[in-house]
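For the record, the sequence lines run as chains U and A. Using our numbering, you'd call the opening residue of the first sequence number 2 and step up by one each time. Using our numbering, you'd call the opening residue of the second sequence number 566 and step up by one each time.
It should be emphasised that the hints constitute simulated quantities derived from the structure, not laboratory data. Check the hints yourself; a few may be wrong.
What the hints assert, rightly or not - Covered stretches of chain A (in silico footprint by chain U; criterion: 3 or more residues with CB under 8 Å from a CB of chain U, positions within the stretch not fixed):
#1 742 to 750
#2 753 to 760
Claimed, not checked - Listed next, with one range per pair, are the computed distances between beta-carbon atoms:
#3 E272(U) <-> E789(A): 55 to 61 Å
#4 A758(A) <-> L406(U): 24 to 30 Å
#5 V148(U) <-> I848(A): 56 to 62 Å
#6 N843(A) <-> K124(U): 41 to 47 Å
#7 R121(U) <-> K702(A): 28 to 34 Å
#8 I848(A) <-> P331(U): 56 to 62 Å
#9 A758(A) <-> L119(U): 25 to 31 Å
#10 N328(U) <-> I848(A): 49 to 55 Å
#11 L355(U) <-> G794(A): 57 to 63 Å
#12 N179(U) <-> I848(A): 52 to 58 Å
#13 I224(U) <-> W859(A): 55 to 61 Å
#14 I224(U) <-> L651(A): 44 to 50 Å
For each residue, glycine too, the CB sits at the ideal point set by N, CA and C.
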Amino acid sequence: MENPKATTVVQLKGITKKFPGVLANDRVDLDINSHEILALLGENGAGKTTLMNVLAGLYNPDGGEILLNGKLVQFHSPRDAIANGIGMVHQHFMLVESLTVAENIILSLQSNALSLNLDRIKKEISGLSKKYQMPVDPDAYIWQLSVGEQQRVEIMRLLYRGADVLILDEPTAVLTPNEATELAAVLRHMANEGKAIIIITHKLNEVMNFSDRVTILRAGQKIASFLTAKTSKEELARKMVGRKVLFHLERSACVPGKAVLKLENVEALNEKGLPALRSISFQVCCGEILGVAGVAGNGQRELAEVISGLRTVKKGKILINGEDVTNCTPLQAIDIGISHIPGDRLGVGLAPNLPISDNLTMKAYRERPITRGFFLDRDQLQVFAKNLIQTFAITPPVPETPARLLSGGNQQRLILAREITANQGVIIAVHPSRGLDVGATESVRKTLFEQREQGTSILLISEDLEEILQISDRIMVLYEGKIMGIAEVADITVDEISLMMAGQPLEKFNHELPADGLKT
Amino acid sequence: MDNAFIISILIITIRAGTSLLYATLGEIFTERAGILNLGVEGIMIMGAATSFAAAYYTDDAWLGLATAVVIGSILGLVHAFLTVTLRADQVVSGLAMTIFGTGLASFMGQRLGPGRTTMIGLQSPSFERFPFPVLNKIPIFGPAFFEQDILVYFLYLLVPLLWFFLYKTRPGLKLRAVGENPRASDSMGINVARSRYLYTIFGAILISIAGAHLSLGYLQGWAENITGGRGWIAIALVIFATWNPVRAVLGALLFGGINALQFRMQAAGTTIPASFLNMMPYIFTIVVLVIITWWEAFLKRIGAPAALGLPYVREEKD
Numbered sequence: 002m003e004n005p006k007a008t009t010v011v012q013l014k015g016i017t018k019k020f021p022g023v024l025a026n027d028r029v030d031l032d033i034n035s036h037e038i039l040a041l042l043g044e045n046g047a048g049k050t051t052l053m054n055v056l057a058g059l060y061n062p063d064g065g066e067i068l069l070n071g072k073l074v075q076f077h078s079p080r081d082a083i084a085n086g087i088g089m090v091h092q093h094f095m096l097v098e099s100l101t102v103a104e105n106i107i108l109s110l111q112s113n114a115l116s117l118n119l120d121r122i123k124k125e126i127s128g129l130s131k132k133y134q135m136p137v138d139p140d141a142y143i144w145q146l147s148v149g150e151q152q153r154v155e156i157m158r159l160l161y162r163g164a165d166v167l168i169l170d171e172p173t174a175v176l177t178p179n180e181a182t183e184l185a186a187v188l189r190h191m192a193n194e195g196k197a198i199i200i201i202t203h204k205l206n207e208v209m210n211f212s213d214r215v216t217i218l219r220a221g222q223k224i225a226s227f228l229t230a231k232t233s234k235e236e237l238a239r240k241m242v243g244r245k246v247l248f249h250l251e252r253s254a255c256v257p258g259k260a261v262l263k264l265e266n267v268e269a270l271n272e273k274g275l276p277a278l279r280s281i282s283f284q285v286c287c288g289e290i291l292g293v294a295g296v297a298g299n300g301q302r303e304l305a306e307v308i309s310g311l312r313t314v315k316k317g318k319i320l321i322n323g324e325d326v327t328n329c330t331p332l333q334a335i336d337i338g339i340s341h342i343p344g345d346r347l348g349v350g351l352a353p354n355l356p357i358s359d360n361l362t363m364k365a366y367r368e369r370p371i372t373r374g375f376f377l378d379r380d381q382l383q384v385f386a387k388n389l390i391q392t393f394a395i396t397p398p399v400p401e402t403p404a405r406l407l408s409g410g411n412q413q414r415l416i417l418a419r420e421i422t423a424n425q426g427v428i429i430a431v432h433p434s435r436g437l438d439v440g441a442t443e444s445v446r447k448t449l450f451e452q453r454e455q456g457t458s459i460l461l462i463s464e465d466l467e468e469i470l471q472i473s474d475r476i477m478v479l480y481e482g483k484i485m486g487i488a489e490v491a492d493i494t495v496d497e498i499s500l501m502m503a504g505q506p507l508e509k510f511n512h513e514l515p516a517d518g519l520k521t
Numbered sequence: 566m567d568n569a570f571i572i573s574i575l576i577i578t579i580r581a582g583t584s585l586l587y588a589t590l591g592e593i594f595t596e597r598a599g600i601l602n603l604g605v606e607g608i609m610i611m612g613a614a615t616s617f618a619a620a621y622y623t624d625d626a627w628l629g630l631a632t633a634v635v636i637g638s639i640l641g642l643v644h645a646f647l648t649v650t651l652r653a654d655q656v657v658s659g660l661a662m663t664i665f666g667t668g669l670a671s672f673m674g675q676r677l678g679p680g681r682t683t684m685i686g687l688q689s690p691s692f693e694r695f696p697f698p699v700l701n702k703i704p705i706f707g708p709a710f711f712e713q714d715i716l717v718y719f720l721y722l723l724v725p726l727l728w729f730f731l732y733k734t735r736p737g738l739k740l741r742a743v744g745e746n747p748r749a750s751d752s753m754g755i756n757v758a759r760s761r762y763l764y765t766i767f768g769a770i771l772i773s774i775a776g777a778h779l780s781l782g783y784l785q786g787w788a789e790n791i792t793g794g795r796g797w798i799a800i801a802l803v804i805f806a807t808w809n810p811v812r813a814v815l816g817a818l819l820f821g822g823i824n825a826l827q828f829r830m831q832a833a834g835t836t837i838p839a840s841f842l843n844m845m846p847y848i849f850t851i852v853v854l855v856i857i858t859w860w861e862a863f864l865k866r867i868g869a870p871a872a873l874g875l876p877y878v879r880e881e882k883d
C-alpha cells in the first residue's frame, strides 16, 4: 500500500456470480482500501460491473462473502449497501431531468417527512461541494447540466448519504477529455479525504492517470493486482487480453487475390462531433481476413459504419473492386455486396419481435422469387427461410419463432445466415462472437473462416484478441481512430499488439499502401 | 357596463369553470404520475349521472357527491389496473373508458328515473349557492366569488393545497419524479406502481366530482350528454396549464368566461345562431390553447412529464 493512511475497508472473498449459461464472477477476492483509488480493469464481459453490482447490493452473489471493516455483511438491495456506506454511480445516470439538483438529492433520502427542508439541504450540499472541491449549483435543473456536471450530482448524492466507498462504472465513457481531467482531480481529493474509490474501466490511460492500484479481471476471474506506479500500460494490456486458445482451425495458407475493399485516408466524426477515424488507409484482399484490434471505443464501430453506409465519410475514399463507394446509402452498400454483421445484435442486426423467417428475408425480400411486384410470396419466403434454418442449424427450427426468443448464439447464426446468403464478396463482422458460449463462438468463427476459403474479403472487428489471432490473416491495431500498424499475424507478438493497443505505433508494421492497389 | 353586469358575468364564469377545473386538476395529478387518462369525459359523465341519481333517491346532495367519489375511484382503479398492472395501452384504455362511460351514463339517464323512466326533468337536492360570511362584502369581487356553492369554495382551498403539495412537499416531489423518470425513481426507493395507482385513482375522483358539480351544482338536473365535451377540454387545459394546478385556474376561467359571454349574448337576443354561440367556448379555448402553448414551447421547455403514457417495467439487468 502506497498511502500510509490506507486501511482495508471492504474485503470481497471468493465472490461467485452465475447467470444462465455464464459464470460472470469466479471466486474473486478483492481488497478495497480507504485513501486510495482502485481501478478494476478488464475487457467487456470480464465481470467487472457484475462484481461491483454485487458489492453495491444490486445482485446477490451465488458464493463468497463481503466483509465490511472485518464484519460479515449481506446486502439485499442498493439501499442496504448505501446504508453501510457503499454507493455506486452507474453508467446511465439515475437522475430526474426536470428536477433540480437539490430535489434529486432529496428524492433519494428515503425520508417520510412531509417538508422538503430545501434550505437546510441546499446548505449541506454547498458544504460538501466546498469540502470536495466539486462545484455543484443546488438550484440548477438537471437538464441544464452537462454530462460531467450530472455525474458530479450522482457523486454528490452518494456523499450526501454518507458513502465511504464510491464505485464508478466507466466514469469517463461519457466525458470530454477536460471533464475527465476534472473528475480525476475530484476523485483524488475524495481519496485524500479518506474515501475508498473504485473505478471500473477498460481504458489503460485511465488506469494510469487515475488509480493507485489496479486489479485485472478476465473472463470472471481475478488475473492480477498491481500498484499502478509499478506497472506499465503494456503489462496491463497483456494481462487484460490474455491468450488462451479455445480450439484450433486448420488454416490453409492465405492466397490473397486482388484487393477488394480499399480505404484511402478516410476520416469520420463520432456522435459528439469529435474525430473518430483519422486518415485510415488499408485494403482487404479477396480470400483474406483482416482483424481489427484495439481497446473499445477507438474508432472500431465508426469504421464498420462508414463502410456499410451508416456513417458519413468526411474525407477520403472507400473503394470496392476499384469502384468509388464513398458515402453510399446502406441500400447501395447492400447492392454492391457489403454484408454487415453489426456489433449490436438485437438493436441493429434484428427486428426482435418479427419471426425468424422475416428476419432471414430482410435482404432477400427485394428480389424474386420472394417478391412479386408489390406482393410478397409467403410460400417462397418460407422455403427460403427453412433452407437457411437447416443450413445454419438455427434452433428452434421453427420459422415463426420471434427472433428475440432465440439464444444469443442462434440470433447470431440467424444474422450470419442472412448476411452470408447476401454476401457478394465483402463481410464486415463486428464482435461476431461477443457474449456467445464456446460452442456458438466456434461455429461463428468457422462460418467466417469458410467464407474466407471461398474468396470473401472479411474485415473482422473484435475486442477479443484471441479471436483475431485465431482466424485473421493480417491484424490492424486502432488507437484513437489512427492505425498503429498492420502486420501478418505470424509476424507479430502479443506484446507488440499490446504496445500498439496502448497507443504506441510500431515503425516496422507501418506499411505504405502499394500504389497499384495490389498486395505486394 | 354597470357593476351588476360584470358581477353576473363573473358568477357564471366561475360556475361554468368549476367542473372544468376539478377535471383538469384530476388529470394533472394523473399525468404527473405518468399515466394518461383519456377517460375524463366518460368518468365525468358517470359522476354526473350517478351522483344525480343518488341525490334524487336519498334526498341528500352530499350522498350524491359521495357516490361520485366512489364511482370515480372505481373507474380510476380500473384504468390503473389496466395500464399499470397489465401495461395496456393508456390511450386505448382511456378511450374505452370514455366510450363506456358516456354509453352507460346515457342508459342510466333514460332508465334511472322513477319507474324506469328518464331522469330528465327531475329535481334533486343540490348544492345551493350561499353567501360566504364577511368575504362576500368585498365590492364586486365579493358577490362574484363568495356567493357560490360549497364545491366552489372547496376549490378555493384545493388549488393552493394541491400546488403546495406538488411543489413543496416530499410526496409531491416523488410524484413529479415518477412521471418524469420512473426508472430513476425506482432506483431511489420510490414505489412506482403504488404512486401511479394512487394518483390515477385520486385524479379520477376529482374528475368524477367535476361531473357531480355539473348535475348537482351548475345545471342542477340531468341532461343527455350533460358534459358536452368538457372532459376533452379539460385534457387540453392540462397542457395549457403546463401541468401546474395554479395555471389550470386561468384555463378554467377562460373557458367559463367565454361560456358566460355566450349566455349573455343569447339572452340579449343576438341574431347569431345559437348553435354557433354554443360552439364558441370550445373554439376559443382551443385557439387560445394553441397560441399560448406554442408561445410557451417557443420560450422554454414545455413541462410534459417525460414518461407520460409509457408503462414502466423493471427489467432484469444484463
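Verification of the hints:
1. 742 to 750: holds (count 6)
2. 753 to 760: Satisfied; 3 residues make the cut.
3. E272(U) <-> E789(A): 55 to 61 Å: holds (57 Å)
4. A758(A) <-> L406(U): 24 to 30 Å: holds (26 Å)
5. V148(U) <-> I848(A): 56 to 62 Å: violated (45 Å)
6. N843(A) <-> K124(U): 41 to 47 Å: violated (57 Å)
7. R121(U) <-> K702(A): 28 to 34 Å: violated (43 Å)
8. I848(A) <-> P331(U): 56 to 62 Å: violated (47 Å)
9. A758(A) <-> L119(U): 25 to 31 Å: Because 28 Å falls inside the window, the suggested range holds.
10. N328(U) <-> I848(A): 49 to 55 Å: With Cβ atoms ~50 Å apart, the hint holds.
11. L355(U) <-> G794(A): 57 to 63 Å: Because 41 Å falls outside the window, the suggested range is violated.
12. N179(U) <-> I848(A): 52 to 58 Å: holds (54 Å)
13. I224(U) <-> W859(A): 55 to 61 Å: holds (60 Å)
14. I224(U) <-> L651(A): 44 to 50 Å: Holds, since I224(U) and L651(A) (Cβ atoms, about 48 Å apart) stay within the stated range.
Hint check: violations occur at hints 5, 6, 7, 8, 11; the rest are consistent with the structure.
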